[in-house]
Structures are given as structure tokens and as C-alpha cells.
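One letter stands for each residue in the lines below.
Protein chains: 4
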Amino acid sequence: MRATVVGGSGYIGGELVRLLLGHPHVELVTVTSDRYAGRPLRAAHPNLRGRTALSFIPATEAGESDVVFLAVPHGAAAKEIDHWSTRAPRIVDLSADFRLRDDALRERHYPGAAPDPGWLAKFRTGIPELNRENLRGATHISVAGCMANAAILALHPLAAAGLVAGTVLVDARTGSSGGGRTPDEGSHHPERSGVLRMAKPHGHRHIAEITQACGLDVHMSVTAVPSVRGVQVVSHVTLAKPLSERDLWAVYRDAYRDEPFVRLVRERSALHRMPEPKLLSGTNFCDIGLALTPGTEHLVVVSAIDNLVKGGAGNAVQCLNIATGWDETTGLEFTGLHPL
Amino acid sequence: MRATVVGGSGYIGGELVRLLLGHPHVELVTVTSDRYAGRPLRAAHPNLRGRTALSFIPATEAGESDVVFLAVPHGAAAKEIDHWSTRAPRIVDLSADFRLRDDALRERHYPGAAPDPGWLAKFRTGIPELNRENLRGATHISVAGCMANAAILALHPLAAAGLVAGTVLVDARTGSSGGGRTPDEGSHHPERSGVLRMAKPHGHRHIAEITQACGLDVHMSVTAVPSVRGVQVVSHVTLAKPLSERDLWAVYRDAYRDEPFVRLVRERSALHRMPEPKLLSGTNFCDIGLALTPGTEHLVVVSAIDNLVKGGAGNAVQCLNIATGWDETTGLEFTGLHPL
Amino acid sequence: MRATVVGGSGYIGGELVRLLLGHPHVELVTVTSDRYAGRPLRAAHPNLRGRTALSFIPATEAGESDVVFLAVPHGAAAKEIDHWSTRAPRIVDLSADFRLRDDALRERHYPGAAPDPGWLAKFRTGIPELNRENLRGATHISVAGCMANAAILALHPLAAAGLVAGTVLVDARTGSSGGGRTPDEGSHHPERSGVLRMAKPHGHRHIAEITQACGLDVHMSVTAVPSVRGVQVVSHVTLAKPLSERDLWAVYRDAYRDEPFVRLVRERSALHRMPEPKLLSGTNFCDIGLALTPGTEHLVVVSAIDNLVKGGAGNAVQCLNIATGWDETTGLEFTGLHPL
Amino acid sequence: MRATVVGGSGYIGGELVRLLLGHPHVELVTVTSDRYAGRPLRAAHPNLRGRTALSFIPATEAGESDVVFLAVPHGAAAKEIDHWSTRAPRIVDLSADFRLRDDALRERHYPGAAPDPGWLAKFRTGIPELNRENLRGATHISVAGCMANAAILALHPLAAAGLVAGTVLVDARTGSSGGGRTPDEGSHHPERSGVLRMAKPHGHRHIAEITQACGLDVHMSVTAVPSVRGVQVVSHVTLAKPLSERDLWAVYRDAYRDEPFVRLVRERSALHRMPEPKLLSGTNFCDIGLALTPGTEHLVVVSAIDNLVKGGAGNAVQCLNIATGWDETTGLEFTGLHPL
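Chains A, B, C and D are the protein sequences, given in the same order. Residue numbering for the first sequence follows UniProt numbering, starting at 1 and increasing by one per position. Residue numbering for the second sequence follows UniProt numbering, starting at 1 and increasing by one per position. Residue numbering for the third sequence follows UniProt numbering, starting at 1 and increasing by one per position. Residue numbering for the fourth sequence follows UniProt numbering, starting at 1 and increasing by one per position.
Chain A on its own, in the form it takes in the complex (with noise of 0.2 Å):
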């Protein structure tokens, strides 16, 4: 299958190229950057030197291929999504676009920036472990924002099951990938470095798609950490009722046990009990933990990802296989690397 990465020069598009180009059953044949356009890949993302020889084009000159990523600003792909149907019978779109399916809670959170309803109703939310099933044959695929994921797939299975009570408290600690590539004030490395600087203490966008996929009441909070990859989504629920820690355990084994990607956490040993986004780096893995406050309903689950792997770029690569019906770890095997 062959594929373009629109937007190829961000983080995200960095991590799309490095991943297709390791995957058996694609061809990337095209990468678009109107900045880098004219450079060799290795400009923009100097992991690639030596692996590939394609070098970046202008969005405007992208041929055919049979799919095409977006790995584009927000709002940008509702408005080009006409040009890129015609260049490919296959969109995955990373951008918030078409994420919401609510009008009012997308004007919300994403004021004036609404797709159109016919394309909107294309596109299939690329959760696997939520809708795998409506994933396969899919054609249009939008896939989740970094944090929202990390929150849903600590909170879904709980929300399923009916056993959260009140609103749920959701931190939520980010690298400083997550601000993309540009550079302003905040991303200036004596400023960023080695900060706990909680930019958001409520009200930030990943709440809308928790919602929806959780049907949840959420707060949340943003804390920018110093590593640069990699988030970490601290949720705090009240249980609806009174449920044992071993009761919780079964509620998410069931809910993950044949999944590739999901990983349960418990360990014993304070070093790695919980989820360390760290060592997730390149990874597709979501590790989720559990700690029930001994005589309370109050439970902290912990989950963390590679904000531009399973945030991103890697949990596309996953909608496509389940898509295609090939193989769903298929370019996703890199285990992580330890110590990092």
C-alpha cells in the first residue's frame, strides 16, 4: 500500500514517517512540508539519516497513493479534506477535526471550527480498544488526541461498567513533544527545562473527547514535566460502589486481556509499580496501574504513553492494520528501551 504523510516535517509526522518506513505491507512514496520542502527527511528528523533517500515535497505537488495521513494543525484537515480525497480512497486524520461528534461539545472546546456533517459522518474514531470492530474496512479514520487516549483507556473500562460516581478528576503530565515543533517563549529550553508548570489547571480540549468516549464528567488539569516524550494521566474516581482492588483488577483484565497494546501494571515493588511514561518512548503500549485508597472509594489509576507513538502516529499505524485486516501489531513491534 502506498502512502503519503501530509505535514511530514512535525513530531507527529516525524514518528508517522519512521513508522511506515519499517512497515512490511507500506510504501511511503510521499512526505509533505512546505517548510522543508526541497530537503532530505534527515532535515527535519535526523534519526531517518541513512533510511531513506525521499526527501520532502510541497503539499501542493502530492501525486496519488492509496492513503493518505494528515498529520496537520487543527482546522487544517477539515478544510483540505475534499483536495486529499482526491488523492487517495484511504484518509487517516490525526488533527482534532473529526474527532467530536457533537456539535456543542465540539463548539465548546474548538470553537468555529466545525467540519462538514457529510465528511464528518466518513470518519470512524480510531480507538481500537473501544470500537475495533467499526475500525475494520474503515476508509476514514480520526484518530485520538495524546492525553484524551491516555485518559480513555484508563477510564473506559470503569465508565463501561457503570462504576464511577460524581465527576473524575484527571491530571494529566506532559513532555514537551506535545507542544509540536515551532518554537516560541514557553518551549525556549532555559525556560522548559526541568519545569512543573501546570499550564492548564481546568478547561483543557482532550476533556471533550473523554467525555464522549466516557460519557464522564471530567475535570482536568496540565502539568508540562520535563522530559520531552511521553505522557502521564493520573485519574482520580469515586466509585459508584464499594469494590475490593482485586474486584477493579477483574473489571480490567476483562476489559484488555486480548489487547496488543494495553499493558496492566502490577507490580509489587515501589520502582516500577506504576506506569513510567519513560520507558514507553518509540512504544504503541498504554501501561495502566490501580490503587484503591484502602477503606474509601477512592481509586487512582494510572496510564501513560508515548504521547507521539499511541498518542499519535502509532495508534494510526494500528487503525490501519486493523483496517486493512492486516496483522494489528504489524510495525509496532519496538519493545522500549530500558534504562533511557
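Keep in mind the hints are simulated off the structure, nothing from the lab. Note that CB positions come from ideal geometry on N, CA and C, so glycine has one too. Just so you know, nobody snuck in bad clues.
Straight-line distance between alpha carbons at most 30 Å, and here's what the computed BS3-like set of lysine-lysine pairs gives:
| id | chain 1 | residue 1 | chain 2 | residue 2 |
| --- | --- | --- | --- | --- |
| 1 | C | Lys200 | C | Lys79 |
| 2 | C | Lys241 | D | Lys241 |
| 3 | A | Lys122 | A | Lys79 |
| 4 | A | Lys241 | B | Lys241 |
| 5 | C | Lys79 | C | Lys122 |
| 6 | B | Lys79 | B | Lys122 |
| 7 | D | Lys79 | D | Lys200 |
| 8 | A | Lys200 | B | Lys200 |
| 9 | D | Lys200 | C | Lys241 |
| 10 | D | Lys200 | C | Lys200 |
| 11 | D | Lys79 | D | Lys122 |
| 12 | B | Lys200 | A | Lys241 |
| 13 | A | Lys200 | A | Lys79 |
| 14 | B | Lys241 | A | Lys200 |
| 15 | D | Lys241 | C | Lys200 |
| 16 | B | Lys200 | B | Lys79 |
The calculated label-pair distances, taken between Cβ atoms and stated as ranges, are:
| id | chain 1 | residue 1 | chain 2 | residue 2 | range |
| --- | --- | --- | --- | --- | --- |
| 17 | D | Arg266 | A | Thr296 | 54 to 60 Å |
| 18 | A | Ser269 | B | Arg268 | 40 to 46 Å |
| 19 | B | Glu27 | D | Asp102 | 48 to 54 Å |
| 20 | B | Arg268 | A | Thr182 | 17 to 23 Å |
| 21 | C | Gly295 | D | Arg268 | 38 to 44 Å |
| 22 | B | Glu333 | D | Arg268 | 33 to 39 Å |
| 23 | B | Ser55 | C | Ala121 | 53 to 59 Å |
| 24 | D | Arg268 | C | Asp103 | 27 to 33 Å |
| 25 | A | Glu133 | B | Pro111 | 48 to 54 Å |
| 26 | D | Gly162 | C | Ala240 | 25 to 31 Å |
Please arrange chains B, C and D on chain A, whose structure you already have, making use of the hints.
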């Protein structure tokens, strides 16, 4: 005033030494360490190179002075208090031994560590912002724990005004120096570097102090973050009644208007909108910021300190300044560095 | 081919396990660790969670297999070689024990560690770029040291062409994983974080290997830098005769044109002008760059590797691939991550 | 003495402000910044929160004071010197404009930046350790560059004693704050974090200052390292004659015996055997250590400073203290933090 630091080779001990060497009314005469006995202070604290000619001596050889600072492990202070009381008329204890007034509360969090009740009754709680008057003239002071102090300063104004409903969720993030000087598997650099290690999802011992100081029901999670110094505490509070952010700022301004070391952080710029521990390295400040989720009673309070200064040695010096009647900020004037 | 990793709980051992689990022609059957015996591999290597059901066994219980990798401390391999030879016909040793041919050289740098001469004669040097032909069919392979390997690959083309005058200055910078898994005062996170610790201003043992491989007189300084993985070696060479940068690139191109894991870095942009170890994490690449001080014979050669991969486990697998006749890159395809 | 800081929103400017606010003989009256004009100082320097009520004003609105510190880009000081001379009788310039005495040397390293010769003649070189007497009573002072200063203090004692043979190799490692406040692609956190980026393998402009101060032939390489603050310079010297380490220490002790801000580091423990910039954050110290390769004339000299303090603002204040006859250490007493 001639001062002795017991346990002077640890990180809190080192900060005490640094601060006392710069204190115009204190002469540091003795620093004990069994492990480093006979070696110059710079062997444990290389920042003191050229700053002092003192060497460590064994604890058993410490003579008399005017004030003894106990920077020893929990349990040791209660055990050695009789001895150190023969060495100085004033004791400032930085361990947990004399912090908790309620035996049941202490037993739950520090099992088997009950101090002699007579000694316990002599100690006054070393939190200037809460009990300054009580500290004037004090001869025995028990300094608050690091994360506890940051949480208490964040929550006390609300608690005192009866504005808190239900359980408060205290999410603490701590650098590696909080774990002390002794290497272990978890502090090994390849394992500790870059982590978001949720070592304690619930049940941290500092809950006891927060409960005692604020009378609140508290859930506390602790995450080890990549920095060396600094604690950030994010407290999620449900307000007992609807209030505006303006109302809430008024509560905090009333509480801390004249405090030399509490700074209210109220910026519009996302870059420094909330307290950032990195900026506080070496200082005795506690920075506090607020954010009310619009249309709700959900309040986020963020506080930050240097765990070794306002969370230990600096707070101890501030308490001594109050007890002796010196200007409260003496020896604690360092402004902090930016960038760092 | 059935493989055993001895000393599998260390960092090099962990990388061997990771690579061998992904190697299509190898079945990892035994991983030994006395300390972790009985525990699953993920107890030492949390990245392997869900990847294997193997547990560590004591070294004494290891049975037979087709190849044994010795990832043991220096000295242990020489001591245990008789034993392990009864367990497999092929030995790949990652310690220093069989690296040095010259007894005097070894004695100077590793005093008292002389291996049995019979065994020493059997071992071939595990540096594919220098002695690939010699490795074909090899049954006993001694893999190069991490910093040595980076320095050798940087200097050998010049040395082989007789282009080096006088002493070469090798300035090595190393991450914390190079010090291994055992915590000590120097690896304690608060002490190790953010350092530029010149632990070894001269006399590092890796000089011996560089001298042996390149026949050069070498001064070597080693600085511990803040990263976990990665080695960067900056070699300062005085050329034996005036040459242009273009001439020098030709020398390196000739030497490494067909090498699958040596990449020559020749960018104009300052951002990635020279080899950067961060980009190589998890990969088997050695990146090499040059800069000639204009109008002089002073050449700077910069090389970088992942110390655990090309500086250890990956190089070992590459050697095995050559020895067995498999495609040389098998199991070593990982491209590396950016950003990281 | 009333002081003005021009270019006060930059990192060097921020350090000047921090130090001058704590200086007992200086009243900071004006801080200019065109970009931050009208905003409080804490907008650029959040560490100053609560420390001062000053706001930035545009440079054009600066009135008269007793001393003007120019913390402006190279070139700007030479252009604006006429203007600022009408604003204060004393000028302390932290740019490169008045550092170099030799026109050819300057033209090679700072092409087109020749200052007016009359002004140039008025300026005295701001390196107290080399020309303290010349600074007494000085009205115009040109402060040394950061890496240059660390290299000069490391090399001058040897150079002055005629102990250097041939070219000195100066290997400088610098944190990100040295690049100033303006974000660019290279300072973007995901790109800058964790790097060992050899941006300048040769030809750095600071060579000019080292040559001028020491009369040495110098090769200089500069590597950007992961820290924010701090410069470490490793100088490799070939001695002009055989000397013992003891002899060499005597040379340095003679040179720096009475220097308040030069510390000779001579420890046996590998942990702090050599100068470590991390320990110097916020201080005005230059730490210097030595190691002679046994049996050779190869000497390694390691020096470290905080690039913003001894490499800029602190050195400027030290020079002013000398010029005015105040105690030389006034306002520069900060000891530094450990751990950090």
C-alpha cells in the same frame, strides 16, 4: 548565638550549615556526622569549599552551645532528646518526632515512634504562618515536613474560613533530594533520571500533619519527578459554597498579606501563571496560586517550595529568628535564580 | 540458534535480552542472574513487560545452548570460561577479559587480570568494521568496550592511512548507564543529575584497546554527562600532512562506504552538524563527523554511539550475525527516535 | 550609587538586576527593555517576584544615574556609547565591543564591529584577577566573555610563567542560558534537551580574548550540554618543561592565593575531584582543578563558572566594587547550592 547542627552531612543538614554560616547573629561552632567525622564540611557539601574551616565531629563529641538543630532520621530525635538537652537550652528538631500532637494519628502514620509526652509538650509547631505568636520565645521547636508544609500553606486559609467541603485531593510532586543522601536502587541515576514515578498513590505520612494543621480529610498522592530540589503540591478542593476567584484571592491575601515568605502568584501569562519550584531553589519562599474551574466549586490550589529550605532548613531558621526576636528574614534573603 | 545470556540483569545484559528476543534466528532460552534468580525478566528490565515469560535462573543452573553471551564483570569471564565452554560451542564475551592481546598492555590497564593464553588465542576481536573477515565462522568473540569502540571507529581510518602525527587527544563523554546497575554515591540522582564530572582526566583503561586497534599514542579524558545512554567521543588529531576536509571525507568514505552501521555526518546546519548520542538511543549506529580547523593540521573527529548497543549488546549481535553468516543487520534494524 | 541596567530583560541583565538589588551600596533606579517596557521586572525575571516594584522602561526614557551597565547585544554598545555617556559618568559594558585591543584580532572574530578608538582607549579590561590595580578608579570597564573568562583564569598562571608549549586545546561546554533569551530552532526544548551538540568544533570568537589575555595560540571547541547555567572549560596544555603536579599547584597558588573568587579544587575523591559548574550556580566563583598525565608534559586544567555570574553580571559587579573601592565581595556572597 552559638549553634550546633546534629546530622550535618545530610541534605537538610547541609542547608542548615549553608544558612547558618551566612546568618549574622549565629556562630556555627559544631557540625556532627558519624560517617564524615574528621573530614572537612566540603567533603559532604562541596558548595561550602572555601567558605568554612570547620570539620565534622562525631555526635558523641559535641560540646555545649546555645542552640542545637537536630537533622536526624525520624525516631532518632525522640531517642536522643535527653542527651541533646544537656548540650543546649534551645532545640530545633527537623525530624517528624515531635510534630504530631495526637497519639492515634501519629501511631497510624509513624507506628512505634511515640516520643516522651513531657518532651512532646515542650515542643511548639514550627509553621510561622500559622502560629507565629506561639513561636516567640520558644525554646523547643518542631519544624514541619516538606510536602506537608507546602500543602498546609496552600490549604490553611480555606480550612480556617470553613470553605472546604469533603475530602481534599493533594497531589504532591517531589525532586530526588527529598529522599535524602543514601543511594539505593530507586535513586540510581539511570533509574531515577527523567521519571514520573508514582511511588505513593495514597497513604503518605505527611497526611497526618496536614490533617492536624488544617482539620481536613485528605487524600495524598506523591509522584517523584525528575528534578533534584523542589516540591510542588496541587490541591484539588471542593468549595463549601460558591465563590468567585476574586473572593478566593481575598481570602488568601487576608491570610498572607504580611507574610515575608509567602508569595501569591497571580499572573496572566501561561509561562509563570502558577508556582514553579525550579524558581525557588535556595529560597525560603512558598509560592501559591489558584484557579477556579468556571461555573463549579472545584478549586485548584498550587503551592511550591524548595523542600530543603522552606521545607526544612530555612523554615527552621525562620522559626529561630522568631523565637529569638531577630528580624524574621535574617539569613534568608536569597532571591532565587532565573533561568536555572 | 538457542542462546543464553549470563549476567542478564545488568544493563548490557538487558540490552542483549531485548535484542535477542527480537532476533528471528535466535531463541533466547536462558538468562542468568544470581541476584534476580526466580524473578521474571521484567523485574530487572521493566521494558520487557509482556514481552517474555522467561525468569532469571542462577548461573549454576544454566543448561546447554548454542551460544553463550557473557555479560559479566571484568575478571569473571576469564575465571568462568572453562565452565561456560561446557555449556555452548560459541562464546560471545562482553567483558574486557579477552580484548587485549598484549600482556604488558593488559597488565598496565587491568592489573592481575591475565586470562589463560590458550583461551585468549581462541578469541577474535569483535569490531566488525576492522576485522569482519576474521569474524566469519568465529566461535569465540570478544566484544569491544563502549568508549573504546567509538574512539576506534573514529580514528582507525586515519591511523590506517598513516595520517596521524603525535598523540591523539580523546575526550569522551558518557551517560550514567555506562557505570552499570549498582548504585553508589556517585550515581545517586541528586549528585549525578546535571553534572559535568570529569572523573578521569587521564589514564582511562579504554586507552589500551584504542592503542591496540589503531597503533596510536592516546591521551584520554572522560567526563560523566547528564544523560543516561550514550557516548560521545571527541578526538583531536594532528594530521601528519596537510589535507583538505574533502580529502579527509574521502578517507572516511573509503573506509566505511559499505558499513551498515557507520554513518558519516556531514550537515551544514549547526543543529545536527555533528554526531549526537541522544539520537542513537537503542540503535546500533556509530555516527562520525569531522571538522578541520582552517589553515592548520588540527582535525576534530566526533563519534557517537549508544554505549549499551553499538558499545556492547548490539555490537555483540552484529558479530554473531557475521560469525553465523546471517544478514549482518538482523535484529538491529531500530532507527532511533527524534525528538527524545 | 544610583544604577541603570540597559537591556535588563535578557539573562545577563536579569542577573545584574538580581545582584544590584542585593547590593548595599547600589540603588537600582532604572532597568530598560524595549520589549518589556511598561511591565514589571518579574514579567521577565519571575525570581524577582515580590522583590522589587520597578518596571521596565524604554531605553530612550532612561534618565541620569551614577553608573550604567550595558547588557546589550554585541555591536549595540559601540553604537550607543555616546548616548549612554551622557546618562552616567561610569559605564560597565558586558558586550564584546570594547574587549579587544587589537584591531586585526577583532576584525577576524567580530568583523565590522570596530568601536571608536577614543572610546576604546577609555575602557579597562574587566578581569580582576589579571588587572585589579588597573581597575581601581576606573570609569569605563569592559567585562570579559563567559567562556573566555573561564579559559583565561585557567591558563593565565601557566602562560605568565612561560610554561606553555605549542597550541592549547580549549574544550568548552556550555549550558543553554549562554545562548540568550530569544527562542530559536536550536533552543527548542525537544531539540535542546539532553544534547551534546558540538555546535562549534573550531573558530569560536572567544579565542580572541584568550589570545589577548594570555598570549597563547589556542584551539577552541564548544559543545552545548544539557544544563541551563554553567560553563566548564577543559584546557589541554603541553608544558614547556617537565614539572610535577606539586610544582603546578604552587604556580596556581601563587597566582590566586588572595583571590576571593578563585578556588583551587584539589580533592582525592572522584566525586568532586574537578570543578563542577552545577555547584556554582548563582555564585561568582571560578573553580580550577589540575591533572598531570603521569610521565608526560600533558596537563589538563579544568575550570568552571556560572556563565551569567562570574561569566558576566557577577564579574561586572566585582569590577565595580574594585573601581569604587568598596569591599570586592560586596553583593556577591552567595555560596551556591548542593545538591541541585
